[in-house]
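A.B. asks: Chain by chain, the residues:
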Amino acid sequence: NAGVTQTPKFRVLKTGQSMTLLCAQDMNHEYMYWYRQDPGMGLRLIHYSVGEGTTAKGEVPDGYNVSRLKKQNFLLGLESAAPSQTSVYFCASSSIRQPQHFGDGTRLSIL
Amino acid sequence: AQKITQTQPGMFVQEKEAVTLDCTYDTSDPSYGLFWYKQPSSGEMIFLIYQGSYDQQNATEGRYSLNFQKARKSANLVISASQLGDSAMYFCAMREGRYTGNQFYFGTGTSLTVIP
Numbered sequence: 001n002a003g004v005t006q007t008p009k010f011r012v013l014k015t016g017q018s019m020t021l022l023c024a025q026d027m028n029h030e031y032m033y034w035y036r037q038d039p040g041m042g043l044r045l046i047h048y049s050v051g052e053g054t055t056a057k058g059e060v061p062d063g064y065n066v067s068r069l070k071k072q073n074f075l076l077g078l079e080s081a082a083p084s085q086t087s088v089y090f091c092a093s094s095s096i097r098q099p100q101h102f103g104d105g106t107r108l109s110i111l
Numbered sequence: 001a002q003k004i005t006q007t008q009p010g011m012f013v014q015e016k017e018a019v020t021l022d023c024t025y026d027t028s029d030p031s032y033g034l035f036w037y038k039q040p041s042s043g044e045m046i047f048l049i050y051q052g053s054y055d056q057q058n059a060t061e062g063r064y065s066l067n068f069q070k071a072r073k074s075a076n077l078v079i080s081a082s083q084l085g086d087s088a089m090y091f092c093a094m095r096e097g098r099y100t101g102n103q104f105y106f107g108t109g110t111s112l113t114v115i116p
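Same order as they appear, the protein sequences are chains C and Z.
For what it's worth, this note's numbering labels the leading residue of the first sequence as 1, then goes sequentially.
For what it's worth, this note's numbering labels the leading residue of the second sequence as 1, then goes sequentially.
Treat the hints with care, as some may be off.
What the hints assert, rightly or not - Simulated coverage check for chain C against chain Z, where a stretch passes if three residues somewhere in it have a Cβ under 8 Å from a Cβ of chain Z:
#1 11 to 17
#2 35 to 42
#3 75 to 88
#4 91 to 98
By construction, these hints were calculated from the structure, which means they are not laboratory data.
Computed from a predicted model, the values in this text were never measured in an experiment.
Glycine included, C-beta positions come from ideal geometry on N, C-alpha and C.
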């Protein structure tokens with residue numbers, strides 16, 4: 001009964017380092033999403049995917065890349081981390097016209 | 001233009017009273033869905049209630065109801081008989097029709113505090 005699992009839950013990076021956040025879902029959902037949440041700004045869509053092998057840019061895609069090589073996994077990459085990318089990152093998945101199911105979030109700090 | 005607007009950054013309600021959290025939306029798509037999520041201090045996003053644009057009746061889920069006024073483009077969440085555990089951030093979200101990649105748009109949220 002895992003739902004959406006995000007790893008890691010916490011991470012501290014130095015400016016310029018790279019890292020990948022992993023999102024895995026076991027609900028056979030077609031759609032997957034990466035959001036960032038900053039105080040007072042709600043959830044902003046970074047990238048999303050409408051199916052295996054497809055990705056698309058959301059509202060704030062700069063500085064991030066994604067891949068969806070398998071239907072159940074959606075990876076978010078930061079190639080060269082910047083302090084402005086300090087945030088809480090949420091992954092979500094859904095099927096068409098259904099609510100999104102969210103992971104527990106990844107708290108990322110960039111020094 | 002903002003797709004989802006929540007104009008109440010913070011709200012207070014007395015325990016056992018009802019409270020309405022406001023949400024207005026903007027879309028030209030005739031097919032859309034409206035959602036409310038709760039985010040307690042622990043951080044997880046919890047789905048509360050859904051309203052489809054073609055639904056004739058307002059959605060209800062236990063103590064939650066959605067006051068859907070299509071002409072005014074509003075989708076307010078009503079919580080009846082507030083409990084201390086209702087203290088949380090509440091987000092309104094909209095999903096536009098299937099041809100936009102099933103994207104969801106979120107408001108900036110309303111922080112609800114239930115007072116004993």
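A.B. asks: Counting residues of the stretch 91 to 98 of chain C whose CB is closer than 8 Å to a CB in chain Z, do you get three or more?
C.D. replies: holds (count 4)
A.B. asks: Counting residues of the stretch 75 to 88 of chain C whose CB is closer than 8 Å to a CB in chain Z, do you get three or more?
C.D. replies: violated (count 1)
A.B. asks: Please verify the coverage claim for the stretch 11 to 17 of chain C: does it have three or more residues whose C-beta sits within 8 Å of some C-beta in chain Z?
C.D. replies: This one is violated; 0 residues, fewer than the three required, reach chain Z with a Cβ under 8 Å.
A.B. asks: For the stretch 35 to 42 of chain C, does the count of residues with a C-beta closer than 8 Å to a C-beta of chain Z reach 3?
C.D. replies: holds (count 4)
Of the hints listed earlier, those the structure fails to meet are numbers 1, 3, in rising order.
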